Structure formats: C-alpha cells, structure tokens
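Number of protein chains: 2
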Amino acid sequence: MARPFADRLMEKVREFGPLCVGIDPHPHMFPKLFGNPSAGSIAVWADGIIEAAAGKVACIKPQAAFFEIWGSPGMAALEHVCKTARNAGLLVILDAKRGDIGSTAKGYATAYLGENAACASDALTVNPYMGLETLDPFVETAAKNGRGIAVLTRTSNPGAADIQEKYVDGEQIFMRMAKAFHEKGAALKGEATPWSGMMLVAGATAPEEARQIREAAPDNLLLVPGYGAQGAGAAEAVAGFVPVNGMLEGGVVNASRSVTFPEAAQTAGTVEAWQAGISEAIKYAQDDLHKAVSG
Amino acid sequence: MARPFADRLMEKVREFGPLCVGIDPHPHMFPKLFGNPSAGSIAVWADGIIEAAAGKVACIKPQAAFFEIWGSPGMAALEHVCKTARNAGLLVILDAKRGDIGSTAKGYATAYLGENAACASDALTVNPYMGLETLDPFVETAAKNGRGIAVLTRTSNPGAADIQEKYVDGEQIFMRMAKAFHEKGAALKGEATPWSGMMLVAGATAPEEARQIREAAPDNLLLVPGYGAQGAGAAEAVAGFVPVNGMLEGGVVNASRSVTFPEAAQTAGTVEAWQAGISEAIKYAQDDLHKAVSG
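Those sequence lines, one after another, are chains G and L.
If you read the first sequence in our numbering, its first letter stands for residue 1225, the second for the next number, and so on.
If you read the second sequence in our numbering, its first letter stands for residue 1225, the second for the next number, and so on.
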C-alpha cells in the first residue's frame, strides 16, 4: 500500500506551514517578461514558481482551467507542471473540480489519481452536486494509490448561498455534506497522523462556517481558498484549524494571486528579479500564516 | 452575431429526431477490432461512429473523462473528435461538467465555447454547485459565440437524492435551480425557434421530475441522459417534451452504450461489419424515439 496522502501532506505542513501555492496562469495577468501566454510560456512561468517554492512550501494547487484554455498542449503543460513539482518534493493538489457518475468518475480518478495517471496528482478537487455515490470511485482510487481528494463543501464565493447554505430539515447543505464526507473519509485516513485525506473545501471568507465544518468533520483536512486576493486574512483562513502540539493545524491555505502575481514580480525586468519577487511573496504569506497558527 | 445554438440544434432535431449519440470510449468496453484503447485508437473508433452518424442524427455528446484518461494525447483526440463531428455537420455537446468561479469559469468557457476555442464545442455541460453567479461567464461566452450550455439539474443517478431532490422552503433544489436557470436562459434564446440554448440536464430515469422541470422552465431545451443502458425507455425520456407542430419536442435524448457498443458491433470482425452494427443501433434508437415523439 502507498503511504496515505494525509500523512504525506501533514509531514510537509509541519515542516513548512500550511501555505499552498496556487498555480493559476491567468492569461490577463501573465507577466510580459515571459512573452505572450501560451502552453509553452505558462509552463516556463510555472517552473519558475515551482523552483521558488521547492523545499519551502508543502504543496501547490494548479488550476486546470487555465491550462485547458490552451487545449491539448495546455494539458501537456499541466502534466509537466505536476511532474516537475512532484519531482521537486512538492505535493500537487490539482484543482479541476471534476465530478460524474460510475465509470465516468472512475475515468477522471484514473486520469489524475491512478497508479499510472497521465497527469499524476496527489489530490484532486471534486464537485459533489451529483450525489454521494459519485465520490466513491475517486475515494477508491485515491485510497489504493495514497492520494487524496478535496470535495467542494462551502466555497469562498457569494454563490455559496444558492445551494450550499440552504437549510434542509433545519441543517445547511454544506453541513449535511461535511458529515457525509467525514464518514466517507474513513477510507483515506492517515496512519502516522490522525487526519483524513478526504479534504473539505471550506472558504476563508466564511470562518464561522469553517468552525462548524470542523465540528462536523473533526479529522478531515481542509483546503481553504479565498485567502489573500479574495479578501480573507490569515486568522479567518485558519478558523477551522485545531491545536496540535502547541500549533493550530488542520489543512492547507491556498494563495494564488497574492503569491504568484505580486506587483514587485509583475514589473520585474529579469527572471531573477521576478523570482525574487515570488520568493518574497511566498515568505510574506508563510509568515502571515505562521503567526496565525502559532496563535 | 453568431446564429443561436438553440436554433441550430432544433433545426437538426426537426430533421433527424432528438437522438444524441454519446461518445464514451470506456476502456473496458473498447472493441478488440480497434486494438488496445489509447488516445489514437479511441479517435479512430470515434471517427467511425461520427461517419455512421453524420447526416443521420442531430448531435453527439463526447464524454471528456474517457479522453482525459489518456492525458494530453487524449485531449488532442477529443479536439479531433469535436472538429471532425462539427465538420461533418453534427453539433457537439461536450460532456465535461465544468464549474468554477469568475475568471476560472471564464477560462473553461474560453477553452470550449470561445470564438477560437482549443476544443470547439457547440455546448458544454456545467455543474452549478458553486452557485448561480458561476454560470454567468459560461452564458456570456456562449451567447457571444452562438453556443449553449447544459446545466446539471436533476441527474439520472441515485445520488440525485442527496442534494438535488432535497426540499428547501417546501421546494426541491432541482426545481429552484430550474427556475433560476430559466431566467438566466433568456440570454441564450433562439430567434427562429422559441427555445433557449441554456439546456437543463434532466435524467430519463425521473420522468415526473422532467415534467415538473418543463413547467418551471418552459423554453429551456433538455439534455436527457439515462435512456437505453441506464434503464429508461423512450416514453420516459421524452416526458419533458411538449407538442409543437404535431410532434413532441423540447431537447435531445442521449444514448451511449446502447448505440455505440451494441453486441452486433462489439463482436464484428471488420470495420465495415462494426459500422453496420453501429448504424443499425442508431436507427433502432431513432425509431424508438420517433414513436415516442409522434405520440
């Protein structure tokens, strides 16, 4: 059996802190230094970020959409980025928000979490709208290969109000989901840590909801978007974390724009100056989060 | 302005009937005749189905997962399939169930519905769990380029009970969604037909729910999965259709396994015999659906 994702992730988080670096090559924010955005240039840009992050942070979260824009060469770039990051010791949480039934879900699981996955990732974000049974093929594949999944639970955007926050029999849907995901998460439990690699996506913009999710799902790691450019601070981002050995832990906090498009880097005239800007932004976010988890 | 998707689709449906041929290259069902499944062989297999379907049916629905299994070469195969089908006059509804916020959703929309989309499709399936605002980038891009979207509303699987069928303030979530999608669908209305290209996915396994959806969303075309191998018959599949010019219409009915993996074709020893089996299965499904819409 492969080593559980939860253990692999938390080992790194305990060493480097909970920052996850989002790799979102927005075409409209792409720095001129790397030329026009394309499948090739976004891979070069991402390589530079991976180099700045390797040995410094636990994980990266590439956003599939910004690679899919470029079609099959973009997917090749995504495969390159995942491989380069994993070879550099970074865990990869692929943000592709897949979800479907039966053999189709199995297809997505094979593509990203399979033993010989074409685009091998350590975890994959999954959308649960089609129901709980649709998670099973992802969980099975992940459990077998020491991978994880991160299920959308309470996202960081206003639209969370339309379905996720609605009350059913006196309980909000995201809370019903959190309880169900917690049960299914038993299959992805760590051995060296008490955590489950069935991560729940819980936006930093809703700290109170994150605390509720933590109560409903005490051992599920959280994947927290919305920190930084989306407006939430470090304290809000770790609202669902709990004390372990004198520190708060319980998941990873993603930062994309604030860390990969900092102004100092965007206007840099050389790759070295650009990379220094990225390193500085990573350090700044890490210090900010470190203060919050040292609380 | 590009010609609306709703008009383009219904023109073909009125000529050929509501059958949509699902292109789902399941690796475990792949016919030996085409060799081992791979990015290359599934493209050759799909080409054969497209050739059998061209000039006979309105549209195809490739399932992205079964191409993504093969990584970037699989995405190149999917691009090839979409292009070949569109060049042959078939409309392409890409079943990729994407969904995300803001600029990320815009990325997916650009990738599949954009003017110069890398993988150009006529419509894309979209998952609404993250909320109504997340549909806007898809709708905007689709409206601009004469494309459509197909939003998951009430799917054909048992898991539909976990979120979609739950009651919120006395009304089921799929019905609340159907009403909201109906409103947003105004941006994708046809000109020559009364239909909107904001399609709603409504499983054939739930005909009563399809009728309810039709009441809530009177002008939205339906994308109906679950007919054939998933167990629903033709009458159930067209439950959400309404009389227009003496026939029932209101969307398309997808058939995948029953049409693309019929036993006669699976065991064929030559490409010609295989293709004859596919053509026969298409004809059979068309006749079956024709009876139901001639009601």
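Since the hints were made in silico from the structure, they are not lab data.
Values in this document were obtained by computation on a predicted structure and should not be read as measured data.
Some hints could be false.
Reference excerpt, derived from the structure (chain G facing chain L, CB under 10 Å, subset only) [as the list claims (entries may be wrong)]: (1) Asp-1271; (2) Ala-1289; (3) Ile-1293; (4) Ala-1300; (5) Glu-1432; (6) Gly-1470; (7) Leu-1472.
Virtual Cβ for every residue (Gly too), placed ideally from N, Cα, C.
May I ask which of the numbered hints given earlier this structure violates, with the numbers listed in increasing order?
1, 5, 6, 7
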